[in-house]
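Peer 1: Top line first, the protein sequences correspond to chains C and G. Heads up: the first sequence begins at 1 in the working numbering, then just goes up one per residue. Heads up: the second sequence begins at 593 in the working numbering, then just goes up one per residue.
Honestly, the hints are just simulated from the structure, not real lab data. A quick note: this is a predicted structure, and the numbers were derived from the prediction, not measured. A hint or two may mislead.
[Stated by the list, open to error] Result set (DSS-like, lysine-lysine): computed pairs, CA atoms no more than 27 angstroms apart in a straight line:
no., chain 1, residue 1, chain 2, residue 2
1, C, K352, C, K526
2, C, K25, C, K214
3, C, K140, C, K186
4, C, K271, C, K13
5, C, K352, C, K21
6, C, K338, G, K753
7, C, K169, C, K186
8, C, K13, G, K753
9, C, K338, G, K750
10, C, K338, C, K13
11, C, K181, C, K271
12, G, K799, C, K352
13, C, K169, C, K287
14, G, K753, C, K2
15, C, K338, C, K357
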Amino acid sequence: MKNQLHNLLHEDKYQEVNLLKLLRKIQSHYQYIPEEAIDFLAEQVGIPPANIIAVIEFYSFLHLTPQGKYQILLSDSITDHMLGKQNLMNYLSEILKVNTGQLRDDGLVSLNNTSCTGLCDQGPAGLINGIPLTSLNNSKLTEIAKLIEQQLPVTEWPEHLFEITDNIKKPGLLLDQAISKGAALKTAFGRGLQATLDEINLSGLRGRGGAGFKTALKWQLCAEESSDQHFVVCNADEGEPGTFKDRVLLNSYADQVFEGMTLCAAIIGAKQGFLYLRGEYQYLFDKLQNILELRREGGLLGENILNQNFSFDIEICLGAGAYICGEESALIESLEGKPGIPRNRPPYPVTKGYLSKPTVVNNVETFMAAAAIACRGGNWFASVGTEKSAGSKILSICGDCESPGIYEYPFGTTVQEILKDCNAQDVLGIQIGGPSGAFISNQEFHRKLAFEDLATGGSFIVFNNTRNIFEIVQNFIHFFAHESCGFCTPCRVGTSLLKNQFDKIVNGYGSAGDVVELEDLSKLIKNYSHCGLGQTAANPFLTTLQRYPDLYQSQLKKISYEPGFDLDAALDIARRMAQRDDCGAHLTQVEE
Amino acid sequence: MSNTITIDGRVIPVQEGQTIMEAATAAGVYIPHLCHKPGYTPHGSCKLCTVNVNGRNCTACTFPATDGLNIINNSQELNSDRQRITQMLFVEGNHLCPSCEKSGNCQLQAVAYQLNMYDNHYPHFYPHREMDATHSEILLDRNRCIFCTLCVRASIEKDGKHVFAISGRGINKQLIVNSASGYLKDSDIDVNDCAAHVCPTGAILVKRTGYQVPIGQRIFDNHQVSEIALNQEQEYGK
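This is chain G alone, in the form it adopts within the complex (with noise of 0.2 angstroms):
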C-alpha cells in the first residue's frame, strides 16, 4: 500500500524520501516558498512554507513526508504569518519595486502579491549595503539580498565553483564574493552560470538585458506565482 499525507484535507501520495514541499508539488499543491527550488540541497531559512503538521509548525522544504501526517497549508492564520515574513523580508533591505528591473520577474514581489501584500508594515532598517557592478555582465545589488542562498547553493552545487558565501551574524548578514578583491570581476563567476541567474530578487542581474519585456508584460505581471511556482517545479519533477 502506498503512503499517502493529507493536505488541508486531501490526500496526497507520497514517495519514500520526500519531502512536505516535493510531495505537494507533485501533486498541484502551492505552498509558498522563495528559498527552496527543485534540484537544490533544501535550505529551510526563509519560513515561508511553513506548515501545520500534526499540531507543530514545521518547515516544509526539509521535513520529511513521512506517511500519515495531516497538514494544515492553506489556513487563512499561516497565510497572515506567512504575509507578515514576507514584510519582515521587505523592511530588512532596501527594496524599491518601481526602479527595480527585476519588477515583475520577482519571486519575493510575487509571493507578495500571493499573500495579499499591500504595505510594509514593519519599520524600515534602511540599512547600508554594498553595490558591486565591477563585472562587466553582472551586476551585484546587496539591497536586494534576502539571504536564501541560492546563489551560493547554485554556485557549489551547479556550476562546481565557490563564487558566493554568507558571512556575519544575525542582521548584520551579508552576501560576500569569494576572491581576491572581494569584488565580482575578480571572481570566476561566468555569466552562463547557474549562479547568475537563480536569485529570486533583483540582487544578481545580468547585465545589458534590462527592460528587454516591459513593465506590465512580465510574468507575475500576469500570472500568480502558485501558478507559475507548480508549473516549472512539476515540470522539473518529470
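This is chain C alone, in the form it adopts within the complex (with noise of 0.2 angstroms):
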C-alpha cells in the first residue's frame, strides 16, 4: 500500500497544512482512510498517529471504517425536509436495500444524512461521492440506483442529475454590474494604496458573515501587525443552513472575489492568501483553478503583480465538513491541518492568525464588495443602505415562497417587500440569518434587512402556515448537537441536552416545569460557551419561545412531572423474558 500511497499522494507536500488535503485524497481513493495510510501519513508527516485519527473522527467526510464505492449523502436542512427528504430517504432505503447510516453488505453503496449542502433553492438535494445531486424526486433515485448497480462511475452519470443553477433573481449594487478583471488593483495602485483603504474606510463597508465588523479597521489592524508574513484568508466555508449565496459568487463572480483578496493582500503585505472552501462546494474547485490560472497568466496574481513590485498567490484549500470551520479561528486552524477547533481570544486573528501570523478573514461577498468599492469608490457604496449599515445585502432566499434564489437589496429594505419579490403567500414566519439567527412572526414583518435590525449572513428562510414551527426548531436544535465541536463544557454537553429536552417536549413528554429548565440551560450555553455556534445554538428555541409562548405551554402536560421517556416500552424486555403480555405486565404513566 506503501507505494500505491506515494503514487496517490506525492504532488502535496507531506506537512501538516496539507493533512486535510492528504487525508481526502485517500478518503475518495479507499473510500475511508485505512490503518496503513495513517501510519504512512504520521512516518510522512511527522506527527503521531493519534493526532491523524483525531483530524479524521472530526471531519464528517473522513472516514475509519469503509464506505460505499458510492456514497449518497442527503442534506438534512430543513428545507430539504420541506420539499420531502424524508420520503426519498426512505426509498432509496428501499431500492438500494441499504439501511440510512450504514454500508451495504457488498461495499457497493452507502448511505447517510448531512447538513445542509447549500442547495436549499434547488432542493431536496444530495452529494454522490461528494458532487452535488439537486432537484430530487423518485424518478431521479429510480435512475441513480440503476446507475450504482450497473456500478457505473460518477463521471460517466447523465449531466441533468447534476444541474446546479445560479438563480440569480433579483441583482443590486453589486450583482448588477460585476467589475471588469483587474479594474480595482489598476485604480488601487493608481489611487494609491492608503487611499484606497481610506475609500474602504468611507464606504462604512462591514463583514457580510454576519457579525459585522468593520472590513477597513481590521484590514488596518493587520496591516499595523508588525511581522515577515501576513496571510489572506477568504472564508468560504458557507454552512449556515439556507445560505448559499457564496456558492452563486464563487460560480459567477469568482474574478471580483479574487480580486478583493489580492487587493487586501496588496494593503496588508501579504504574499500568500487561502480560499477555505466548504467540502460540499468540491465541485467548483477546478472551475476556481482555472479562474486563478488565467489570472497568473493575466498578470494579476503571482510574481509582480501589473509590474508594481507585489507578489501574492492563492492556494484552494477544502473544507471536509464541519460547519464549525466557518468560526475565523476553527477554520485558521483547519487550514493548518487540524481539528477545527476555535482557538481563545484574544489574540485575534490579524494579530495572530495562520501559523501565528498576522491574517484577515473575510466572507466571500466582503471581498467581492471591496474589489467594487476600490473601483467605484467610497461613496458609490455609503450612498446606499442605512446609516449603520452601508451599500446592499445578498441573500439567499429558499423555503415557502414561488421563486427561490439569490436577491440583493439595500440595507434598510423591509421584510415585506422582500415576501413579495420572491412571491411568498401565507406565511407563518422566517428564518433570518440561519438556524443561529432569530426566527420572526408575521407580525414583524416591517422590520428592516440591517446590522442594527435584523442582521444575516444570507440565509433567508420562509415558512407558511401549514409548517409546525416545532419541527423546524427541532431539526435546528439537533443540527447545532451534531456539529458542537466538543471543546467547551457548555456547548459540548449543553447543545445535547437542549436536544434531549426539546425532544422529550416535541414528543409529549413535556411537562409543566420542563420549559422553564429549558429556557435556564439555554441561557446558560448562550452566556458560557467558547465561540459563536454555542453562544447562538439556543437562539431556535428562544427566538420561538419568546413569539409562540402559549404553543409551547399546549404542548406539555398539565402535570408537575412526566419522565422523559415511556415507561411502558421500558418494560417491553421484562415481557419477553416473562413471556407476559397480560395487562398486568403493563404500566399506565404517571396518574393524569
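With the hints as a guide, dock the two chains, each given alone in a separate frame, to form the complex.
Peer 2: Listed below in C-alpha cells is the structure:
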C-alpha cells in the first residue's frame, strides 16, 4: 500500500498544513482512511498517529471505516425536509436495500444524512461521492439506483442529475455590474493603497459573514502588525443552513472575489492567500483553479502583479464537513491541518492567525464588495443602505416561496418587500440568518434588513402556515448538537441536553417545568460557550418561545412531572423474558 | 506605576503577560477551575473559571489581565452557573463517586463540593465508554474523563511524548491513546510520567496505590478545593 499511497499523494508536500488535503485524497481513493495510511502519513508528516485519527474523527467527510464505493448523502436542511427529503430517504433506502447510516453488505453503496449542502433553492439535494445532486425526486432516485447497480462511474452519469443553477432573481448594487477583471487593482494602484483603504473606510463596509466588523479597520489593524508574513483568507465555508449565496458568487463572480483578496494582500502586505472552500462545494474546485491560472497569466496574480513589485498567490483549500470551520479561528486551525476547534481570543487573527502570523479573514461577499469599492469609490457604496449598514446585502432565499434564489437588497429594505419579490404567500414566519439567527413571526414584517435590526449572513428561510414550529426548531437544535466541536463544556454537553430535552417536549413527554428548565439551559449555553456556535445554538428555541409561548405551553402535559421516556415500553424486554403480555405486565404512565 | 485589576471590588496588582487567573491566584483569590494548571499552556475549555470582565463573560485562565479591568468573580449568578457547568460534566460521563478510588482526592468532586452541588440536576447520558486496563501500572477509565486535556498537555509539554489525544467531535469526543493497538500497554507512557498523575478526576490512575489513604482522610474530605488549589498554585508561582 505504501507505493500506492505515495503515487496518490506525491504531488503534495508531506506537511501538517496539508493534512486535510492528503486525507481527502486517501478518503476518495479508498472510501475510508485505512490504518496503513494513518501510519504512512504519521511517518511522512512527522506527527503522532493519534493526532491524525483526531483529525479524521473530527470531520464528517473523513472515515475510519469503509464507506460505499457509491457514497450517498442526503442534505438534512429544514428546506430539504420541507421538500419531502424523508420520503426520498425512505425510498432510496428501500430500492438500494441499505439503511440510513449503513454500508451495504457488498460494499457498493452507503447512505447517510449530511448537514445543509447549500442547495436549498434547488432541493431536495444530496451528494454522491461528494458531487451535488439537485432537485431530487423518486424518478431521479430510481435512475441513480440503476446507475449504481450497473456500477457506472459517477463521471459518466447523465448531466441532468448534476445541474446547478445560479437562480439570481434580483441583482442589485454588486450583482448588477461586476467589475472588469483587473479594474480594482489598477484603480487601487493608481489611487494609492492607503487612499484605497481610506475609500473602503469611507464606504462603511462591514463584514458580510454576519458579525459585521468594519472591514477597513480589520485590514488596517492587520497591516499595522509587524511580521515577516501576513496572510489573507477568504472564508467560503458557507455552512449556515439556508445559505448558498457564496456558491453563486464563486460560480459567477470568482474573479471579483479573488481581486478583492489580492487588493487586501496589497494593502496588508501579504504574499499568500487561501480560499477555504467548504467540502460540499468541491465541484467548483477545478473551475476556480482555472480562474486563478488565468489571473496568473494575465499578470493579476503571482509574481510582480501589474508590474507593481507586488507578489501574491492564492491556494484553494477544501474543508471536509464541519460547520464550525466557518468560525474564523476554527477555519485557521483547519487550514493548518488540525481539527477545527476555535481558538481562545485574544489574540485575534489580525494579530495571530494562520501559523500565528497576522491574518485577515473575510467572507466571500466582503472581498467582492471591497473590490467594487476600490473601483467605484467609498461614496458609491455608502450612498446605499442605512446609516449604520452601508451598501447592499445578498440574500439566499428559500423555503415556502415561489421564486427561491439569490436576491440583493440595499440595507434598510423591509421584510415585507422581500416577501413580495420572492412571491411568498400565507407566511407564518421567517428564519433570518439561519439557525444561529432569529425566527421572526408574521407580525414583524415591517422590520428591516440591517445590522441594527435584522442582521444576517445571507440565510432567509420562509415558512408558510402549514409548517410546524416544533419541527423547524427541532431540526435546528439537532443540527447544532451534531456540529458542536465539543471543546467547551457548555456547548458540548449543553447542545446535547438541549436536543434531548427539546425532543422530550416535542414527543409529548414535556411537563410544566420543562419549558422553564429549557430556557435556563439555553441561557447557560448562550452565556458561557466558547464561540459563536454555542452562543447562538439556543436561538431557535429562544426566539420561537418568545413569539409563541402559548404554543409551547399547549405542548406540555398538565402534570408537574412526566418521565422523559415511555415507562411501559421500557418494560418490553422484561415482558418478553417473562413471556407475558397481560394487563398486569403493563404500566400506565404517571396518573393524569 | 504598576498595573492593577479589580476583582469583586478588591484591587490586585498584575504583572505584564499575566492572565486573570494567574493574577488572582498570586493575590490569593480563588477562581474555580478544572482544566487550568499552573505551568501548563492554558486551554480554556471547562469554562468553570468564567468571570465577568467589564460586563462580558471571559475565561479567566486565558484572558490577559490588562490594566484597569473590572472583574466579577464570586457572585451568586456566576457560582450558580458554575454549578450547572459542573453538573454537565457529571451527567456527561459516568461518575460514580462512592465506588471511585479517586473519591476525596478528585478535583471534579471537590469543585462540586465547593459550589454546593447536591445533585446532578440534568438527565444522565450514561454513555458507553471503554476502559483500558492493559497497562501493568496505569489504568485508564474513560468513564471519568472530562476532556480537560491535562494528560494530553502533560505528555507533550512535560514528558516530551504524545501518549494522549482527544478525538471525535461534540458529545462523541473521546480520549485516545497513541499506540499501534490503541491500548495503553503499547504506548510509551511510563508510570513516572506527569501524564500518569495529572488527571484531576479518576480517569487515569496508578495501579496498586489504591485506598492507601482511607476515605474520609483524603485531601478534599477535610479541605475546600479553594484552599488547596490556592496553596499549591501560589507555591508554584514562587
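Peer 1: A separate judgement is required for each hint: does it hold in the structure or not?
Peer 2: Verification of the supplied hints:
Taking the CA atoms of K352/C and K526/C, the gap is about 26 angstroms. The hint holds against a cut of 27 angstroms. Straight-line distance between C-alpha atoms of K25/C and K214/C comes to about 38 angstroms, which puts the hinted pair past the 27 angstroms bound. A distance of roughly 48 angstroms separates the Cα atoms of K140/C and K186/C; the hinted pair therefore is violated under the 27 angstroms criterion. Proposed proximity of K271/C and K13/C is supported: the alpha carbons are some 19 angstroms apart, at most 27 angstroms.
For the hint pairing K352/C with K21/C, the CA-to-CA distance comes to about 23 angstroms; that is within 27 angstroms, so the pair holds. Distance hint between K338/C and K753/G is fulfilled; the C-alpha atoms sit about 18 angstroms from each other, no more than 27 angstroms. For the hint pairing K169/C with K186/C, the CA-to-CA distance comes to about 31 angstroms; that exceeds 27 angstroms, so the pair is violated. For the hint pairing K13/C with K753/G, the CA-to-CA distance comes to about 25 angstroms; that is within 27 angstroms, so the pair holds.
For a cut-off of 27 angstroms, the pair hint linking K338/C to K750/G stands: about 22 angstroms separates their Cα positions. Taking the CA atoms of K338/C and K13/C, the gap is near 16 angstroms; set against the 27 angstroms cutoff, the hint holds. Straight-line distance between C-alpha atoms of K181/C and K271/C comes to about 20 angstroms, which keeps the hinted pair within the 27 angstroms bound. Of the supplied pair hints, the one linking K799/G and K352/C is violated, its CA atoms being roughly 43 angstroms apart against a limit of 27 angstroms.
Between K169/C and K287/C the CA atoms are separated by roughly 23 angstroms; this keeps the pair inside 27 angstroms, and the hint holds. Under the criterion of a C-alpha separation no larger than 27 angstroms, the hint pairing K753/G with K2/C is consistent with the structure, at around 26 angstroms. A C-alpha spacing of about 17 angstroms is found between K338/C and K357/C, which places the hinted pair at or below 27 angstroms, so the restraint holds.
Hints 2, 3, 7 and 12, counting from the list given before, are not met by this structure.
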